[in-house]
Amino acid sequence: MTEPSFLDHPPLTQRVNAYDEAHLGLYLRLLVADEEGADWREVVAVLFEIDPVREPVRAKAVHDRHLARARWMTAAGFQHLLQPRLQ
Numbered sequence: 000m001t002e003p004s005f006l007d008h009p010p011l012t013q014r015v016n017a018y019d020e021a022h023l024g025l026y027l028r029l030l031v032a033d034e035e036g037a038d039w040r041e042v043v044a045v046l047f048e049i050d051p052v053r054e055p056v057r058a059k060a061v062h063d064r065h066l067a068r069a070r071w072m073t074a075a076g077f078q079h080l081l082q083p084r085l086q
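Everything in the sequence shown is counted per numbering that gives the first Met the number 0, starting at 0 for the first residue and increasing by one.
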């Protein structure tokens, strides 16, 4: 069994962090799935490889926390990506 490439709790910071940058694709896929009305159970099974039948509480929490962070990225976080970076 391999180690998951995500945390159950994405780090909640006031600025985009390394975790956010590494998971931008995941965030986009979550936003698209949500917009299309996909069932969260299917989404969490595909994107996070968590069985929502075996781990319903964890599966729902992981999905909801990452979707919330993805929504934050669209509302505020993206602005930080547009700012110049210090070397």
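Note that these hints are calculated values from the structure, not bench results. Accuracy of the hints is not assured; some may be wrong.
FRET-style restraints, in silico, Cβ to Cβ [as the list claims (entries may be wrong)]:
no.: 1; residue 1: Ala75; residue 2: His8; range: 28 to 36 Å
no.: 2; residue 1: Ser4; residue 2: Asp33; range: 17 to 25 Å
no.: 3; residue 1: Glu54; residue 2: Gly24; range: 19 to 27 Å
no.: 4; residue 1: Ala74; residue 2: His8; range: 17 to 25 Å
no.: 5; residue 1: Glu48; residue 2: Gln13; range: 27 to 35 Å
no.: 6; residue 1: Asp33; residue 2: Arg57; range: 17 to 25 Å
no.: 7; residue 1: Gln13; residue 2: Val52; range: 33 to 41 Å
no.: 8; residue 1: Arg14; residue 2: Val52; range: 33 to 41 Å
no.: 9; residue 1: Val31; residue 2: Ala75; range: 13 to 21 Å
no.: 10; residue 1: Arg40; residue 2: Gln13; range: 26 to 34 Å
no.: 11; residue 1: His79; residue 2: Val52; range: 34 to 42 Å
no.: 12; residue 1: His79; residue 2: Asp33; range: 16 to 24 Å
no.: 13; residue 1: Arg53; residue 2: Gln78; range: 35 to 43 Å
no.: 14; residue 1: His79; residue 2: Glu41; range: 26 to 34 Å
For each residue, glycine too, the CB sits at the ideal point set by N, CA and C.
Cross-check of the supplied hints:
1. For Ala75 and His8, the hinted distance range of 28 to 36 Å is not satisfied, since their beta carbons lie about 19 Å from each other.
2. With their beta carbons about 20 Å apart, Ser4 and Asp33 fall inside the hinted range of 17 to 25 Å.
3. Between Glu54 and Gly24 the beta carbons are some 23 Å apart, a value that agrees with the proposed interval 19 to 27 Å.
4. In this structure the supplied range 17 to 25 Å holds for Ala74 paired with His8, their Cβ-Cβ distance being about 19 Å.
5. Glu48 and Gln13 have their C-beta atoms about 30 Å apart, which keeps the hinted 27 to 35 Å range intact.
6. In this structure, Asp33 and Arg57 meet the distance hint of 17 to 25 Å, their C-beta atoms being roughly 19 Å apart.
7. At roughly 36 Å, the beta carbons of Gln13 and Val52 sit within the given window of 33 to 41 Å.
8. Remark: the range hint 33 to 41 Å for Arg14 to Val52 is upheld by a beta-carbon distance near 37 Å.
9. The supplied range of 13 to 21 Å is met by Val31 and Ala75, whose beta-carbon atoms lie about 20 Å from each other.
10. At roughly 31 Å, the beta-carbon separation of Arg40 and Gln13 lies within the given 26 to 34 Å, and the hint holds.
11. The hinted range of 34 to 42 Å is satisfied by His79 and Val52, whose Cβ atoms lie roughly 38 Å apart.
12. Checked against the hint of 16 to 24 Å, the pair His79 and Asp33 passes, with Cβ atoms roughly 22 Å apart.
13. Judged by the Cβ atoms, the range 35 to 43 Å given for Arg53 and Gln78 holds: they are separated by roughly 39 Å.
14. One distance hint, 26 to 34 Å for the beta-carbon pair His79 and Glu41, holds here, with the actual separation near 31 Å.
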